[in-house]
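**Student:** Model the full assembly from the supplied sequences, consistent with the hints where possible.
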Amino acid sequence: MRIWRSVVGKLWMTILLLVSFVLFILTILLLEFFQNYHVEEVEESLRYNAQKAASIIEDHADINMSIEIVSEILDDPVHSLVEMDDEVVFYSDELNYQSIQSAIQSSSTLSNVQTEERIVQDEFSSGEDFDNRYNNIMIVGAPVNGQDGQALGAVYVYQSLEAIQETTEQTTRLIVLAAAIAIILTTIFAFFLSTRITAPLRKMKEGAFEVARGKFDTKVPILSNDEIGELGTAFNQMGRQLKHHLDALSQEKEQLSSVLSSMADGVITFNKDCTVLVSNPPAERFLKNWYDEQEGYTKLALPPTLEELIIMVMQTNEEKIGELEVNGRSYAAIISPLYSGQSVRGVVAVLRDMTEERKLETLRKDFIANVSHELRTPISMLQGYSEAIIDDIPQSDEDRKEIAKVIYDESLRMGRLVNELLDLARMEAGHIVLNKEEVLVNEFSKRVLSKFKLGMNDSDIHLHYQTELDDHVNINIDPDRIEQVLTNLLDNAIRHTKIEGEITIKTKKDHHFIRFDVIDNGVGIPDKDLPFIFERFYKADKARTRGRAGTGLGLAIVKNLIEAHNGKIKAESKLDHGTVFSFYLPYQL
1 MRIWRSVVGK
11 LWMTILLLVS
21 FVLFILTILL
31 LEFFQNYHVE
41 EVEESLRYNA
51 QKAASIIEDH
61 ADINMSIEIV
71 SEILDDPVHS
81 LVEMDDEVVF
91 YSDELNYQSI
101 QSAIQSSSTL
111 SNVQTEERIV
121 QDEFSSGEDF
131 DNRYNNIMIV
141 GAPVNGQDGQ
151 ALGAVYVYQS
161 LEAIQETTEQ
171 TTRLIVLAAA
181 IAIILTTIFA
191 FFLSTRITAP
201 LRKMKEGAFE
211 VARGKFDTKV
221 PILSNDEIGE
231 LGTAFNQMGR
241 QLKHHLDALS
251 QEKEQLSSVL
261 SSMADGVITF
271 NKDCTVLVSN
281 PPAERFLKNW
291 YDEQEGYTKL
301 ALPPTLEELI
311 IMVMQTNEEK
321 IGELEVNGRS
331 YAAIISPLYS
341 GQSVRGVVAV
351 LRDMTEERKL
361 ETLRKDFIAN
371 VSHELRTPIS
381 MLQGYSEAII
391 DDIPQSDEDR
401 KEIAKVIYDE
411 SLRMGRLVNE
421 LLDLARMEAG
431 HIVLNKEEVL
441 VNEFSKRVLS
451 KFKLGMNDSD
461 IHLHYQTELD
471 DHVNINIDPD
481 RIEQVLTNLL
491 DNAIRHTKIE
501 GEITIKTKKD
511 HHFIRFDVID
521 NGVGIPDKDL
531 PFIFERFYKA
541 DKARTRGRAG
551 TGLGLAIVKN
561 LIEAHNGKIK
571 AESKLDHGTV
581 FSFYLPYQL
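Going by full-length UniProt numbering, the sequence shown opens with residue 1, and the numbers climb by one from there.
A hint or two may mislead.
Under the rule of at most 16 Å between Cα atoms (straight-line distance), these lysine to aspartate or glutamate pairs were calculated in the EDC-like manner [unchecked claim]:
# : residue 1 : residue 2
1 : Lys568    : Glu535
2 : Lys574    : Asp527
3 : Lys509    : Glu535
Just so you know, the hints here were simulated from the structure itself, not pulled from any lab data. Note that the coordinates shown come from a computational prediction; the quantities given were computed from them, not determined experimentally.
**Tutor:** This is how it looks when you write it as structure tokens:
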């Protein structure tokens with residue numbers, strides 16, 4: 001059944017129907033023409049013969065002689081019947097005499113042929129003495145008049161129309177033969193067109209399916225220079241252009257995907273119903289954080305603040321900016337509409353994680369406040385004691401010396417604060433220079449610890465050193481910087497440890513690192529303060545310290561020095577049970 005749906009089948013059926021219709025109309029017209037033409041010819045010939053026979057009978061007094069003349073001039077297939085005074089005096093066709101006589105009597109009498117000729121054309125049914133070969137007969141009658149003009153009888157001339165039927169049948173056979181030949185030629189022509197027209201079309205159809213499957217380099221053969229060949233050329237050009245444009249679109253898509261993936265900001269494209277269409281990794285992390293933040297089984301797909309911004313943008317067709325909090329992090333959201341023609345088809349949201357910026361801004365403000373606070377006290381004291389000296393308030397040399405000592409101590413404190421700020425700034429800017437050398441770990445640690453023991457009384461804090469290392473284990477470090485680290489950690493431990501407390505330094509190997517632990521059994525650090533102790537100017541509760549509080553820069557400097565040595569530091573503490581500071585320095589086995 002595929003051939004009926006193909007171009008060949010449709011073309012073949014169209015031509016067949018056209019040829020059949022033309023032949024059918026032509027057959028009807030030809031048969032009608034031949035039948036009318038032959039009937040008129042036979043009628044005219046019979047009328048002429050009837051008139052001629054009637055004239056002969058009228059011109060001769062001897063009826064027998066005139067009848068003999070009539071029978072001589074009328075040859076087969078023309079037959080005659082002469083009726084005089086309502087009696088048949090002659091008939092030439094004995095076989096069909098009875099049938100002809102009945103037909104003449106039923107359709108024509110002597111009375112109605114007296115003044116004009118009578119034509120009888122009748123269909124006879126088969127009888128016992130009627131030959132089936134004569135189904136269609138034409139009868140023409142002519143009156144025989146006497147000298148006084150009175151009708152004496154009539155001459156009837158008739159002829160079978162079988163010849164006309166044979167002509168019609170012959171014509172029909174010729175037309176049928178012509179139709180068969182036309183159908184065969186049409187079939188040959190249709191399949192010829194298949195090779196010349198539909199074969200290239202099939203190639204283009206196969207090429208189109210290949211292009212639809214993504215093979216854009218498919219080419220169809222050009223078999224001719226006509227319209228079909230031009231169509232094939234256009235198809236090949238279309239395939240090349242389509243491949244070029246798709247490659248360009250693919251490159252642009254890859255570039256856009258790379259740009260979105262490499263962006264630090266989250267980008268989400270939403271449909272009109274707030275469903276996510278496209279998102280990059282930061283945006284996916286944002287959505288995951290929001291999902292994890294919610295509790296229970298019923299969870300919202302988007303934060304309410306973000307959803308409200310999206311709805312406002314779709315309603316107003318204007319860009320909106322807002323801020324939201326998700327899982328403890330701050331985000332700035334910029335929502336812009338996406339257009340499809342003149343209508344909004346969705347929005348694109350750019351989410352920027354502002355947590356670090358907010359944190360840095362807070363640290364900057366805290367830094368300025370802390371520096372101002374740390375400098376204000378010594379400056380105020382310097383100013384006050386200086387005014388006292390200027391106003392000659394101290395009367396004795398001892399009072400002047402005491403005031404000068406306070407001014408000296410506060411200037412040292414200010415110098416120490418400024419130096420620590422400068423060191424920390426250089427470290428964070430990456431300008432620190434390390435003078436590394438090979439140092440024996442045990443010897444170095446004991447030397448640093450001994451410096452603190454000299455200042456301790458027997459009733460003060462007890463210092464210990466424990467090690468799992470051999471005495472020959474050495475490490476490549478800047479000894480001055482690491483001594484500064486240990487000094488800061490020991491100083492913090494002493495200030496936060498009560499009298500009769502204990503502080504221990506432990507050293508051991510930990511994979512590819514040498515681990516230093518500074519352990520005390522002091523007041524400890526609250527859990528809420530522990531994550532922030534390495535930040536600048538951060539101080540725990542000053543009431544929990546023993547003696548003078550520090551500047552809040554020591555641990556920040558320690559962290560930067562350890563990281564400059566490609567190491568790491570951490571702190572563990574339990575309130576009222578003590579604190580452990582552990583730092584790791586790389587060790588080459």
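**Student:** Taken at face value, is the distance from the CA of glutamate 535 to the CA of lysine 509 at most 16 Å?
**Tutor:** violated (28 Å)
**Student:** Decide if the proposed pair is consistent with the structure: lysine 568 and glutamate 535, CA atoms, cutoff 16 Å inclusive.
**Tutor:** holds (15 Å)
**Student:** Need the status of pair lysine 574, aspartate 527: alpha-carbon distance at most 16 Å?
**Tutor:** holds (8 Å)
Of the hints listed earlier, the one the structure fails to meet is number 3.
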